[in-house]
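Keeping the supplied structure of chain W fixed, place chain X upon it in accordance with the hints.
Taken in sequence, the protein lines are chains W and X. Just so you know, the first sequence maps onto residues 3 to 425 in the working numbering. Just so you know, the second sequence maps onto residues 17 to 369 in the working numbering.
These are computed hints drawn from the structure, not numbers from a lab. We put the CB at the ideal spot given by N, CA and C, even for glycine. Just to be clear, a hint being listed does not mean it is correct.
Some chain X residues near chain W, calculated using beta-carbon distances under 7 Å [said to hold, decoys possible]:
(1) GLN82
(2) VAL84
(3) GLN186
(4) GLY187
(5) LYS190
(6) LEU191
(7) LYS194
(8) LYS198
(9) SER321
(10) PRO323
(11) GLU326
Here is what each chain is made of, one letter per residue.
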Amino acid sequence: MLPAACLAQTGNGFLQDNDRAVWSWDLASGVDAYLHTYALALDDTSEALSEFMVQAGFQGRSPRLANHRWRLRAEASTGTELWRQRLEGDYRFLDQDRHTRFRLRGNFWGRQYKRTTEYVLSSDNLEGRLEARVYPVVGRMAALDLRAWGGLIDYKTPSTLEVDYNDAGAGVFLRSQSLGNHMWGGGVRRARRAYPDSSAIDRDTWSAEADYDFHDLEGQSVRFFHKSDRRLIADETVRPSAWTHWTDFAGLVSAGSGHVYLEAQSEIWNYDQENDVYFNSWRPETALGYRGGDILAAVWKVGPVLERLDAGDSPETYTQLGARAGVESYGSAVGGSVTLEYGRRVFSQTDVPVDDGSGDLLGFSISDIYSDFNYWKIWLIGSWRISRKFSLDFLANYEPENHTENIDDSAIGFASLHLIWRP
Amino acid sequence: MDTRTCHRTGRTLIKGVVFGLLALVTAGSIPDIAVAQMSGGEQVEAYIERTEELLIWARGLVGETQSVPARRVLSQAADLHHRSRGLMSRGMKLEALGVSRRSRAAMWHSVRLAREAMGLEERIRIRAERFSDQHSQLMERALDAGDRQAMDFLRRSENNAVRAREQYHQGDFKLSWKMLEKAGDLMRRAARLLADGTSPERLELEIDRTRMLIERTRESLDNDANPRARKMLAEAEEALVRARDGMDRGHPGRALQMTGLARQLAIRAASLDGTGPDDASVQRQLERFDDRSGRVADRVRDSGSKPAREMYERALQHRTRAAEALANGDGELALRQIRAAHDLLGQAEDLIR
Numbered sequence: 003m004l005p006a007a008c009l010a011q012t013g014n015g016f017l018q019d020n021d022r023a024v025w026s027w028d029l030a031s032g033v034d035a036y037l038h039t040y041a042l043a044l045d046d047t048s049e050a051l052s053e054f055m056v057q058a059g060f061q062g063r064s065p066r067l068a069n070h071r072w073r074l075r076a077e078a079s080t081g082t083e084l085w086r087q088r089l090e091g092d093y094r095f096l097d098q099d100r101h102t103r104f105r106l107r108g109n110f111w112g113r114q115y116k117r118t119t120e121y122v123l124s125s126d127n128l129e130g131r132l133e134a135r136v137y138p139v140v141g142r143m144a145a146l147d148l149r150a151w152g153g154l155i156d157y158k159t160p161s162t163l164e165v166d167y168n169d170a171g172a173g174v175f176l177r178s179q180s181l182g183n184h185m186w187g188g189g190v191r192r193a194r195r196a197y198p199d200s201s202a203i204d205r206d207t208w209s210a211e212a213d214y215d216f217h218d219l220e221g222q223s224v225r226f227f228h229k230s231d232r233r234l235i236a237d238e239t240v241r242p243s244a245w246t247h248w249t250d251f252a253g254l255v256s257a258g259s260g261h262v263y264l265e266a267q268s269e270i271w272n273y274d275q276e277n278d279v280y281f282n283s284w285r286p287e288t289a290l291g292y293r294g295g296d297i298l299a300a301v302w303k304v305g306p307v308l309e310r311l312d313a314g315d316s317p318e319t320y321t322q323l324g325a326r327a328g329v330e331s332y333g334s335a336v337g338g339s340v341t342l343e344y345g346r347r348v349f350s351q352t353d354v355p356v357d358d359g360s361g362d363l364l365g366f367s368i369s370d371i372y373s374d375f376n377y378w379k380i381w382l383i384g385s386w387r388i389s390r391k392f393s394l395d396f397l398a399n400y401e402p403e404n405h406t407e408n409i410d411d412s413a414i415g416f417a418s419l420h421l422i423w424r425p
Numbered sequence: 017m018d019t020r021t022c023h024r025t026g027r028t029l030i031k032g033v034v035f036g037l038l039a040l041v042t043a044g045s046i047p048d049i050a051v052a053q054m055s056g057g058e059q060v061e062a063y064i065e066r067t068e069e070l071l072i073w074a075r076g077l078v079g080e081t082q083s084v085p086a087r088r089v090l091s092q093a094a095d096l097h098h099r100s101r102g103l104m105s106r107g108m109k110l111e112a113l114g115v116s117r118r119s120r121a122a123m124w125h126s127v128r129l130a131r132e133a134m135g136l137e138e139r140i141r142i143r144a145e146r147f148s149d150q151h152s153q154l155m156e157r158a159l160d161a162g163d164r165q166a167m168d169f170l171r172r173s174e175n176n177a178v179r180a181r182e183q184y185h186q187g188d189f190k191l192s193w194k195m196l197e198k199a200g201d202l203m204r205r206a207a208r209l210l211a212d213g214t215s216p217e218r219l220e221l222e223i224d225r226t227r228m229l230i231e232r233t234r235e236s237l238d239n240d241a242n243p244r245a246r247k248m249l250a251e252a253e254e255a256l257v258r259a260r261d262g263m264d265r266g267h268p269g270r271a272l273q274m275t276g277l278a279r280q281l282a283i284r285a286a287s288l289d290g291t292g293p294d295d296a297s298v299q300r301q302l303e304r305f306d307d308r309s310g311r312v313a314d315r316v317r318d319s320g321s322k323p324a325r326e327m328y329e330r331a332l333q334h335r336t337r338a339a340e341a342l343a344n345g346d347g348e349l350a351l352r353q354i355r356a357a358h359d360l361l362g363q364a365e366d367l368i369r
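For reference, chain W alone in the conformation it holds in the complex (with noise of 0.2 Å):
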């Protein structure tokens, strides 16, 4: 039974009623598809998987500009593979300057798969998380952020591949106010893992972060974040501790009519001891173009996109170079975007030695792991506001591989398409 003084709302209400605490409910229904094609021995195997699901789902908040803010949502799905639950909850004490001092939110999801589900792992499972965050000094420029968390996955029939896990990890982050067009952030946390059935690949990780963000009216911006996190892994002979540095920036500066865009990022792992399965490499992407037209129109971006994996003597070492284009429109009514990249991956092949393990060479190395590749990315979103209260998204994404070696094409895609009804 819902509070008196709570109103039945449209979609749009959710979000505009400043006064009084809101809610709402909606339905969906569509179909979500999946599909990895991959060589097996002279055969192509095809993994296509669709599902077809409704979906209900129920959610209130507070007043927008109330001190105790609130926001609960609940939906339940039933589908041709499973009944999916979620129930989502986000509550923020504001002190008198609109300052929010305290953060409560949780997640939590349950899956019931059927009888007749063509997933290949299928136990029921309940996940979920948990995050408090403290907002003990709130200044001017920035509040500092104290967290910590908890979650976990726990399967009704544990296997090999399911596997139950346990969550927990605290923080301390200081992030600069809102008021202006420079955010920033950064901060420290400490997280643990644990896994109730298999203890040797529990792990502890530190990790440092940063951010930046900056953009003007006139549509510059540029955003950075830097995180680096350090693995360490209950027993390292089953696998090795390890650093990871993640970089990202991207930056978009006027440029004619339109703006000059650059993407780029970073990443970096460094295992205490390698071995085969697990080595040293960086990645770096970068991603530059230019994007034009009108706002009131449409708008378009087309550049190069380059990316490397550099993995010294690894097989896995490659470079990749594309050309990526894109459209996007979003009207009131209807609104959608379409991307295309083209590209080659070639691999270094370099001819590695192999060692028996001791540091002894073996004569022998391996070569011809992966071959080059040509790719396509395709990728597509739509949706339609078809009246007030219904309205139809559409999402796809394909991505095909041409080896030099047949045996190696591969796709890979996925789509979805949903009616909403938003009484």
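Okay, now just chain X, sitting in the frame of chain W:
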């Protein structure tokens, strides 16, 4: 084999991988002609025996990951191997050799899939953590701003991330990785919408700025002004009315678009007429600021909000600098300063609203 046993034997498995790869190379290095010449029963028998050894080693590598495709391909490789053994036992040597070669090819493929999966498992974990943090921040902003379009993108990105997690649990790391990437794309679209200013406070600020620009341009156009400039300015005013209408009707994205159009038209009108910021227009902005700040001052004081008071004081500082710059004959600097003062005053108003 249960999970605990699987990991206890990790060292053995890694060594197995080394030898497995070694054996694979050995297998791969046999030229087709040489294989074709393997018609002798003992040679074929030896080839099949070696395939079995390779399968055992490959199982060690594949067992290191939770990749279901790798396990599936390896399982099929083992099936092929058993078929080759059956054919051999019936004396069909050439057929047995052919099937055994297919078995090795499949096993090679499973090794590749497993190695790919190993890299992705940890990458997905790190990306998923980042996604969750960013999504939480953006959802908070979108809700506070009441930005429906950004909310839609965030919901879709979250649904995609949930599906990615399910594919992760299904052991298909490559598909999971792709879905998580796309979830990130959707989330960045939401971030861009929010950053571009579709939140009510930023939109209001943008509308206010555009209105000031139109007023300034109108005051600069005299009776002899270029008719095209006048027409363009009228269109800018009309676009601004439509922007306000869009905001009132709850379409902030549309309102932002119309505001952008209004701003562009006003700038073009000014450039057609050759007008720019002059001392008189800056002076008018100063007077307008004084009017506005007089109205806001009491409300800021009564609210008791420290951030609002600080914002108000910063606005006054910029107003002072604008007046100084104007007195020094630097009209451009004066205009920038008084604009900043208006912006800060608007933010102070937002804080006490």
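Checked hints:
{"no.": "1", "hint": "GLN82", "verdict": "holds, 5 Å"}
{"no.": "2", "hint": "VAL84", "verdict": "holds, 5 Å"}
{"no.": "3", "hint": "GLN186", "verdict": "holds, 5 Å"}
{"no.": "4", "hint": "GLY187", "verdict": "holds, 6 Å"}
{"no.": "5", "hint": "LYS190", "verdict": "holds, 6 Å"}
{"no.": "6", "hint": "LEU191", "verdict": "holds, 6 Å"}
{"no.": "7", "hint": "LYS194", "verdict": "holds, 6 Å"}
{"no.": "8", "hint": "LYS198", "verdict": "holds, 6 Å"}
{"no.": "9", "hint": "SER321", "verdict": "holds, 5 Å"}
{"no.": "10", "hint": "PRO323", "verdict": "holds, 6 Å"}
{"no.": "11", "hint": "GLU326", "verdict": "holds, 6 Å"}
In the structure shown, no violation is registered for any of the earlier numbered hints.
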